[in-house]
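Colleague: Residue numbering for the sequence shown follows this note's numbering, beginning at 1403 and increasing consecutively.
Hint data in this document are derived by calculation from the structure and do not stem from the laboratory. One or more hints might be untrue.
[To be verified] Calculated cross-link-like contacts (lysine to aspartate or glutamate; reagent style EDC-like; alpha-carbon spacing at most 20 angstroms):
no.: 1; residue 1: Lys1614; residue 2: Glu1538
no.: 2; residue 1: Lys1602; residue 2: Asp1548
no.: 3; residue 1: Lys1614; residue 2: Asp1636
no.: 4; residue 1: Lys1614; residue 2: Glu1577
no.: 5; residue 1: Lys1434; residue 2: Asp1496
no.: 6; residue 1: Lys1602; residue 2: Glu1577
no.: 7; residue 1: Lys1614; residue 2: Glu1637
[As the list claims (entries may be wrong)] Computed Cβ-Cβ distance ranges for the label pairs, DEER-style:
no.: 8; residue 1: Glu1656; residue 2: Glu1445; range: 43 to 51 angstroms
no.: 9; residue 1: Ile1551; residue 2: Glu1618; range: 24 to 32 angstroms
no.: 10; residue 1: Asp1407; residue 2: Pro1684; range: 32 to 40 angstroms
The beta carbon of each residue, even a glycine, is placed where N, CA and C say it ideally should be.
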Amino acid sequence: MSKRDIVRQALLGERPPYVPWAFGFTQEAHEKLAKHFNMHDLEPVLHNHILTVADTYGFFTEMGNNCYRDVFGVVWDRSIDRDIGNVRGQVLPDATLLGYTFPDPHDPLFYRGIEAAIDQYGDRFRIFNIGFSLYERAWTMRGMVDLMIDFLDNPAFVHELLNTIADYNIAVINEACRFDIDAIYFGDDWGQQHGLIMGKRTWREFIYPVLKRMYEAAHQQGKYVFIHSCGDVDELFDDLIGIGLNCFNPFQPEVMDVHTLLQQYHGRLAFHGGMSTQRTLPYGSVEDVRSECRRLIQSGSEGGYLFAPAHAVEGDVPIENMIAFIDEMQAQPGFRDSIGTS
């Protein structure tokens, strides 16, 4: 059975031969691992089960002074955050789209390298990632404070902006589905450490109907739907399931009871994440990391779960703790039995 098949089993809530995984690392953490293993490409060591074949949030042009401009015209300052950065200025200083032109969703740049990645890691579950897919794309263009004001003062503009972003994303989805991929992965943070950024009423009025359009576009192409949304957002799970969500990430144990939710939503919603990146990985012992891994494996063993750190592993995580969760996942008997046969 291939890694691709095992992920599909888990997504359907069926018991896989072992709990599959997909690890992500920031640049700093990746550099630590690369030095430890003496190799830059870590995939032969990590044995990830998910292959992200593209990521349309970026394609940055260097501007100097640690600033980069993305394809939407947003400027990101990477003086502190080397991986993405902090937004500088506003692409939309006023509550209007007049004069603004979206990128071309058919630009070959967005799909470059997909076939080569599949050729190299064809046994893995293939995901096309649309980062900053809706609310995040809107606030990076308009500015967080102004967008929050617009929800109240300029609701017609917000509806237009979000639906225009969705039109663009749906065109990207249709183009991406020319390739042999399995899922569309939407990135869109809605949560804080406690509750939603904009509140559920606003989320349901503005964001929910637009998500429904995008999820339907993915399902019409026969693809699974994943969402990455940081924070305390479990109050939205039933709504998201109702419009076709198949898998939720990052599944943060600091803001939700991951073990209870795995049981509560088994067969209805799969989860990807679960390992604490705020507490256990940076501050716990090696045994703390191993213990948390084992508990997550146990809770997810019946299906509906893909193991991962709750977010990209940061550079402040000790290398010993990184090795601990990698080893624990690969020590699963079912995985060891499958090496060389998938």
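Colleague: Need the list of violated hint numbers for this structure, in ascending order.
Modeller: Going through the list in order, the structure violates hints 5, 6, 8 and respects the others.
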